[in-house]
Amino acid sequence: MAANPMSQFDVYRIGPEIKVGAFDISFTNASLFMILSTVSILLIFNLGSKKNSILPNKIQLLAELSYTFVSKMISDTAGSKAKPYFAFIFSLFMFVLFCNMFGMIPYTFTVTSHIIVTFVLAAFIFIGVTVIGFIKHGFGYLKLFVPSGVPAVLLPLIVVIEIISYLSRPISLSVRLFANMMAGHTMMKVFGGFVISLGIVGGWLPLSFSVALTGLEILVAFLQAYVFAILTCIYLNDALNLHH
Amino acid sequence: MVKKIYFQSIFFSFFFIKEAFAAESGGMPQLNPEFWVSQIFWLILTFGIMYLVLSKLILPKISNNLESRKSQILENIEAAEKQREDSDAKLKEYDEIMSKSKLEANSIFNQAREKALKDIGAKREVLDKQIDNEIAEAEKEIDALRKNAPDKINKIAIETSSELLQKLIGAEVNNSSISAIVDDLSKRNGDKYYGN
Numbered sequence: 516m517a518a519n520p521m522s523q524f525d526v527y528r529i530g531p532e533i534k535v536g537a538f539d540i541s542f543t544n545a546s547l548f549m550i551l552s553t554v555s556i557l558l559i560f561n562l563g564s565k566k567n568s569i570l571p572n573k574i575q576l577l578a579e580l581s582y583t584f585v586s587k588m589i590s591d592t593a594g595s596k597a598k599p600y601f602a603f604i605f606s607l608f609m610f611v612l613f614c615n616m617f618g619m620i621p622y623t624f625t626v627t628s629h630i631i632v633t634f635v636l637a638a639f640i641f642i643g644v645t646v647i648g649f650i651k652h653g654f655g656y657l658k659l660f661v662p663s664g665v666p667a668v669l670l671p672l673i674v675v676i677e678i679i680s681y682l683s684r685p686i687s688l689s690v691r692l693f694a695n696m697m698a699g700h701t702m703m704k705v706f707g708g709f710v711i712s713l714g715i716v717g718g719w720l721p722l723s724f725s726v727a728l729t730g731l732e733i734l735v736a737f738l739q740a741y742v743f744a745i746l747t748c749i750y751l752n753d754a755l756n757l758h759h
Numbered sequence: 458m459v460k461k462i463y464f465q466s467i468f469f470s471f472f473f474i475k476e477a478f479a480a481e482s483g484g485m486p487q488l489n490p491e492f493w494v495s496q497i498f499w500l501i502l503t504f505g506i507m508y509l510v511l512s513k514l515i516l517p518k519i520s521n522n523l524e525s526r527k528s529q530i531l532e533n534i535e536a537a538e539k540q541r542e543d544s545d546a547k548l549k550e551y552d553e554i555m556s557k558s559k560l561e562a563n564s565i566f567n568q569a570r571e572k573a574l575k576d577i578g579a580k581r582e583v584l585d586k587q588i589d590n591e592i593a594e595a596e597k598e599i600d601a602l603r604k605n606a607p608d609k610i611n612k613i614a615i616e617t618s619s620e621l622l623q624k625l626i627g628a629e630v631n632n633s634s635i636s637a638i639v640d641d642l643s644k645r646n647g648d649k650y651y652g653n
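Chains A and B are the protein sequences, given in the same order. So the first sequence is numbered by my numbering: it starts at 516 and just counts up by one. So the second sequence is numbered by my numbering: it starts at 458 and just counts up by one.
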């Protein structure tokens, strides 16, 4: 491993170069960890839904707790109208969570530490939510930008601010996840580097920091997946239940 | 505190990179567009397949499992409630039977006691009558004996005195004169001997 704290984010080709037209869709380490995450999710939830016993075993309990956790999150934030989108939000939460958690294993690659991945997810959510909003409310969805109870003088300003905040949703959503993952992993790598450079005498302090940071990063990995999913729910809520 | 360490370490990290790895290629690999298309392609592929499998196969099964468990638990609770009601009714029945039989037992006991008391009273009356009769008879006998006693004593006194006189004097004495004397004595001292 290279000692550069940023080299852990390098994407490299595994196997031959695959080109479709002008596009390079080669299999990379990022692809490998996407496949690993999805395969583990499918494996765990398949095992957890196979048997239907009244007293669930551990893996069934895990699957059912995740199911009720996400379904409660959706019904709390977006109401009962969001039920058809449950499968998507569940997949999204699990995908981000597993990618984050796989990144916590040493020598692995963190898929969600790449802005392009998080941006594609966020852009898809943004476009999807906007389309749902227009389908449900027609042009009435534009009332989202006109909050009720605002003085007429301030209205032009407020509308501009609302539109900017709406359009910046995919950027804030994607940058939040990407920056959190990248910063955390970089910091852990830097402290790891300090352990080596300070040696047996002074290396203990950064080592203890590294241990504490690992715990913190696992928390952040879960928290960012949760935040990503719950923000999606909130955007969906705006589109489904127009309150303005 | 954690925030401070966080920002300090990021600051140090840049410092560190510049100091130690100035020779290596800098910058963020995330901003290198070489593999962007590949990442987008694989993301859509893996996420799409996962979404399809989860939404079509796995999640319905989990929700089915949860539903069936819920309904089964509700059924069991209902059955338990029913059984509890049944047992309550049976307990009530049992209590009723118990109190009824207690009352019955009480009345039977009372009847038996009354009967026994009556029997005892009747028998006592009969016995009392018998005893009274016997006492009366005995008293009568005693009275008869008492009435006859002075005559007999007088007779004995007359005979013994005539014999005594014969032995002492050696001559026959007229019995009638002796009996007159005895009668006279017994009338005078009768009260002293018989008390009444």
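Worth flagging that the hints you see were computed from the coordinates, not collected in a lab. Watch out, some of these pointers could steer you wrong.
[As the list claims (entries may be wrong)] Okay, derived cross-link-like pairs now, BS3-like style, lysine-lysine, Cα gap no bigger than 25 Å in a straight line:
{"no.": "1", "chain 1": "A", "residue 1": "K596", "chain 2": "B", "residue 2": "K513"}
{"no.": "2", "chain 1": "B", "residue 1": "K609", "chain 2": "A", "residue 2": "K596"}
{"no.": "3", "chain 1": "B", "residue 1": "K604", "chain 2": "A", "residue 2": "K565"}
{"no.": "4", "chain 1": "A", "residue 1": "K565", "chain 2": "B", "residue 2": "K527"}
Verification of the hints:
A C-alpha spacing of about 20 Å is found between K596 (chain A) and K513 (chain B), which places the hinted pair at or below 25 Å, so the restraint holds. Restraint check for K609 (chain B) and K596 (chain A): not satisfied, since their Cα atoms lie roughly 139 Å apart, outside the 25 Å limit. For the given pair, K604 (chain B) sits about 125 Å from K565 (chain A) by alpha-carbon distance, which is inconsistent with the 25 Å threshold. Only pairs whose Cα atoms come within 25 Å are accepted, and K565 (chain A) paired with K527 (chain B) is accepted, the gap being roughly 17 Å.
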